[in-house]
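K.L.:
Based on the hints, put chains B, C and D in the right spot on chain A.
There are 4 protein chains.
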Amino acid sequence: MTTIKDSVHDYIELCPMAEALLDTEPMQRLRYVRQLSTVQLVYPSANHTRFEHSLGVYHLASRAVDHLDLEDDLAARLRAAALVHDAGHGPFGHQTERAIERHLGRHHDEIEWLLEETDLGTVLEEQGVDPDAVAATVDGRGPLGELVSGGLDVDRMDYLVRDAHHTGVPYGTIDHARLIRAFQVVDGDLVIADGNVATAESALIARTLMNATVYRHHVSRIAGAMLDRASERLLDDGVVAPERFARLTDEELLAALSDHEPTADLADRLRNRRLYKRALWARRGAVPDEFVAIDYDRTRDLEREIASAAGVDPASVILDSPGDPSSPESRARVVVDGEPQRLADRSPLVAGLDACAREIWRLGVYAPPAHLESVREAAATVLEIEADPAP
Amino acid sequence: MTTIKDSVHDYIELCPMAEALLDTEPMQRLRYVRQLSTVQLVYPSANHTRFEHSLGVYHLASRAVDHLDLEDDLAARLRAAALVHDAGHGPFGHQTERAIERHLGRHHDEIEWLLEETDLGTVLEEQGVDPDAVAATVDGRGPLGELVSGGLDVDRMDYLVRDAHHTGVPYGTIDHARLIRAFQVVDGDLVIADGNVATAESALIARTLMNATVYRHHVSRIAGAMLDRASERLLDDGVVAPERFARLTDEELLAALSDHEPTADLADRLRNRRLYKRALWARRGAVPDEFVAIDYDRTRDLEREIASAAGVDPASVILDSPGDPSSPESRARVVVDGEPQRLADRSPLVAGLDACAREIWRLGVYAPPAHLESVREAAATVLEIEADPAP
Amino acid sequence: MTTIKDSVHDYIELCPMAEALLDTEPMQRLRYVRQLSTVQLVYPSANHTRFEHSLGVYHLASRAVDHLDLEDDLAARLRAAALVHDAGHGPFGHQTERAIERHLGRHHDEIEWLLEETDLGTVLEEQGVDPDAVAATVDGRGPLGELVSGGLDVDRMDYLVRDAHHTGVPYGTIDHARLIRAFQVVDGDLVIADGNVATAESALIARTLMNATVYRHHVSRIAGAMLDRASERLLDDGVVAPERFARLTDEELLAALSDHEPTADLADRLRNRRLYKRALWARRGAVPDEFVAIDYDRTRDLEREIASAAGVDPASVILDSPGDPSSPESRARVVVDGEPQRLADRSPLVAGLDACAREIWRLGVYAPPAHLESVREAAATVLEIEADPAP
Amino acid sequence: MTTIKDSVHDYIELCPMAEALLDTEPMQRLRYVRQLSTVQLVYPSANHTRFEHSLGVYHLASRAVDHLDLEDDLAARLRAAALVHDAGHGPFGHQTERAIERHLGRHHDEIEWLLEETDLGTVLEEQGVDPDAVAATVDGRGPLGELVSGGLDVDRMDYLVRDAHHTGVPYGTIDHARLIRAFQVVDGDLVIADGNVATAESALIARTLMNATVYRHHVSRIAGAMLDRASERLLDDGVVAPERFARLTDEELLAALSDHEPTADLADRLRNRRLYKRALWARRGAVPDEFVAIDYDRTRDLEREIASAAGVDPASVILDSPGDPSSPESRARVVVDGEPQRLADRSPLVAGLDACAREIWRLGVYAPPAHLESVREAAATVLEIEADPAP
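Taken in sequence, the protein lines are chains A, B, C and D. 11 is the number that the UniProt record's numbering gives to position 11 of the first sequence; each next residue is one higher, with no gaps. 355 is the number that the UniProt record's numbering gives to position 355 of the second sequence; each next residue is one higher, with no gaps. 253 is the number that the UniProt record's numbering gives to position 253 of the third sequence; each next residue is one higher, with no gaps. 188 is the number that the UniProt record's numbering gives to position 188 of the fourth sequence; each next residue is one higher, with no gaps.
Only chain A is shown next, with the shape it has when bound in the complex:
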């Protein structure tokens, strides 16, 4: 068995299937896609990649299937799905997700096309694993799919500890070894064994705290919004075909943006960390419902309206209004008093954590430092937000 040294899990043992999969182009590409995208602009050590994360998820999946003593076929399928689960991500991961969905109609968890069009599928078949079953598992479907994509999956376990290790923020240090030992299969479903409510809660807590300090940090959100805007322009201008766009690496996207005049300034700002700033930063309660989680066209319209009112170029206004937070962990099932139950029904913490997530929700309007004041005023008017929203 080949072993690989990992900064988080120490030695990771690779089965021959994993070795073969790692040699494919879609997996090697992940070496050039950062796990935390623009978070490195805030936490400079956060340069770890989706490649090493994929190895970590594979490792935890291997531990889990060993612990659950699954039969070989299912075990192989789960390990394969764990390894390739992020292969569908575009450059900068989640931060180009919306652009790719708009232009390709495809979510990163849908990887059927990848298995057909690249050597990933061939290699799986050579290893005796059904590509379709792997694709379904990546999407959380099929037997024990929730191990790879569910409320308390191995993906989440790896990224929490890995992001903690690389950012230096301690909140992600969950007890993944205990969680994996607590896995049980009851009536075909993956559940957490009795006596582990606190263990399960800890994963939910970890994500809530990492959201507040890392994942939703306003600097990373600003950079992400700038990237999204520039990506849309690149795609709208037909400079890069959507299929090609989705397979770029982080830096290839930056290079493409630099080479296209209308996006060159945004690219330069991202590269040299001369970011837009917050003109407006409003809590959920201060924002009329109609401006929450708005779609692409409406967002662009509002940006133009704000720009016009502020007397600036539309490119100088970015509106960032995220959807309401979700909490997939609360759907995880834990055994309490002998009965599998939804974590949300057994843990008095879940409601509090949901409230926390809403508490840190913010609508943002971003602009270059030179136009902050005029954009702030215009945005407050257009979005009907009253109080002084300067951060």
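In case anyone wonders, no lab produced these hints; they're calculated from the structure. These numbers were taken from a predicted model, which means no experiment stands behind them. A virtual CB, placed ideally from N, CA and C, is assigned to each residue, including glycine. There's no promise every hint is true.
What the hints assert, rightly or not - Derived DEER-like restraints, expressed as beta-carbon distance ranges:
| no. | chain 1 | residue 1 | chain 2 | residue 2 | range |
| --- | --- | --- | --- | --- | --- |
| 1 | D | Glu384 | C | Pro328 | 35 to 45 Å |
| 2 | A | Glu126 | D | Glu116 | 56 to 66 Å |
| 3 | B | Ala355 | A | His107 | 28 to 38 Å |
P.N.:
Relative to the frame of chain A, chains B, C and D by itself:
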């Protein structure tokens, strides 16, 4: 400056006052009092002592007074109080607290007597620090006393990370460096600066999770209850005077218990980890209010009643009914929108965490393995607890 | 399978045999014997015990026997030996070793008597493991005995990382996971596989650096020498029988020393860290050969001679002249170019590390601070050491 | 003061000068230059950048100048030099060093041109720091220049611990906090205070072990040699001007190589980890002196000769014959018995470590897997290496 290497904070620099204080007998004694008492019976690596913890608390206090740029006198008082804050603990810390309070009427945070009767007071005076002011600070009183004993004090910060390091349980890994940088003095009160609600919550969360997995682990509770029972007997029998008892080390207490025939069996059981087991283990909802947080005499009466009903020796029944949990962190004050406010009023998590604490509350009745069944039945009847309460 | 959380190896899985062995008195006693004895007087966090270390050694042995795919009987014997390998240690481990050897003629690796006289042997037999074979393995004899006691054994691997974790000194952080994966059995001998000279060297280096900064720290050596002297007196005076002495815990020995008038002062000094200081501290080159590694009677004679010349009580002079350092790791066998060879023959570092060990060798003469000058002068004369030997 | 969270040093406080320097283009560029270049092809977690490393070096320099209590001007100069010390590196750091030196005649430590041509110099002047003095310090010249570039500089301290953290290899964990506390200035020179020979040795040891397992890992060496060869071709073909080449990021270089037909295959092999393999891998003793550390033209000649003898394309043969290892740490000066002395003169380890470095020296000849056999035979003949050199 002398420096000491610490497993948690790396190098700790000692001012001359700290060096002098460390050389006193009450401080050296803490080398022989474990920080987590009987928790080592569950987590075998948890052998760290109140001595190293005291150094850690001193270190964090030094960082905080530097950050707050306090004037010299106040800074020295706070550092001194941080260093000696645990000197009043009896053997096994919190686990002999009730016995000492009953027999001496003294809580471990009241250390005036220690400053008078030992060289601690003399050394403080030699160093130009007022012992009375130090004693008040240890008790959370006086200027910035909450730094040493308050909602988010340096004591708590040190023990959470230290207990995590030594048990191996990751939940205590809070971001203490950020908390200390977030300290501000507003109108003479210690508060957490704006933008740090999540940082403050994380400390509260850490304690909640450490409670569930470490501090309130049933094996440690059983050992603690056995120790409490044996200590009361030792004191009642006049074998050791209360003043002497309060100054024993962990092992000196075990030796004293071994040497006294009526407590020898309990001592042997503690030493060799042949502990009582849970005959009854009931949630808060299943226990009539009158049996929650009962006092010493009532506890002993109930134990005798249960023993009589079960037909066993009274020494074979231990009733452990803790009080309702408290959450001092929720009183910590954080600045939000420019205004200091109680954490409990700003954080939607606090209520959830309080509920968590109630969720893990349990009344326990413990007995030697041989008598579990009879004691369970008798206890259920006497305490009017219906359902099958076997753990 | 029962699992135990460890601060170093995270979860340790216990086989039923291990569980049964842990419940014996000789194993439980190790909870009260510190792994690093008096080192905690220098590194205050170093309070870890031989109990948790024993668990760690068992864990590494389990990993190794799994990796080597040994047959069940041999695997069980090796795991048992790993777990009980330290059961023969007296109080304060190595620091009472010489006293015990002088009075009992027994080394701590000889545990046949323990297996006969305590429940350890019975439990082994119940578990189907031959106690004699276990005793031989603890002593490094029999099939693969070098796994438990040899040049690169699992004992060493555990203590290096554990001592690093608990002192905070980073030098012990070896790559034990790689070392274990590198184990091979060639012609019945344990060897390190090809390509791992650096891995093997790192363990030797780690011990050399830990020696210099931790294990041979002069404060710990002074405390150890005081303890040795007091122990000899206690035994000579017949206060505690040698058999009983060898089974005391650390604190029981301190208590016994406190209770005996001639050793009470030394006990008080050890407890309250009022240690003797170095009157003389001489390098190997400055010490005539006849005063290196001298035996018990000669040491006592010289101490009396020095005391008489200095005009102080013989109890005020302690002479500490250790033997030449040994380097068991250099005997470890590594495969190079397909052939097992002694590490010393393949590594250009071994000679350098041996020289390092000689470089830090020191003869010490210790005395109470009040008598330092007179003892220094007398000792320099008696031991024919010329230069000013003040540290 | 602004603080930045770092995965290695936790919080790093930035002075206003550092903040201003970080905003320059040459510093932001370092976000896209990996610290360990192609090592990520072996250790997948090693994606940390020269940007975060630069912050770490600045942090340690700040600690050192505070500890040494230097006057403000010198302190500012040293901190500035520490922060910008790597700004002169080309893409993939050391792996394009030779190509840049050949085509530009410039070493990465010579940064005068950078200070003149970019905003780095302007910002330094605005902050009242002399750019020329900073450039000299980066090169190890001027007052206390050895703090930034010397035998035991802060650069080395940071990269050893950082590379350990990110690769997962434990050998780099030196005690940098102690080393910095041990710094002294004696007669204007930086030395290590008395009692710290082991501390100084540990840094030398750490580099030796990291060399053996990480920095000189054959897979990284092969990738580096492929990159060097492709870079030379790119420059020779005039596709990218040397000045521009030196300022590319890692991925910009890969992109440039992909876009140029004669280097496209090498680029694809590097990107997808389809590397050349070792046809020959020979120890120092087996290699005639004339083939050690040969220059560019001779290397190319030999490669052509080997290719011709093997009947393959010259692009299919890469000869990699490094110079003899150097050990800058051995020049560090430590105080022993009151006198500053070269570490090499006081430490018996230095000679052993030098021997270790020679022991791991290898000449390599690399070729695509398809031509391994023919190239091996031809290379053995041309280079007069007898024995079977297959790894």
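K.L.:
Are any of the numbered hints broken by this structure? If so, which, sorted upward?
P.N.:
none
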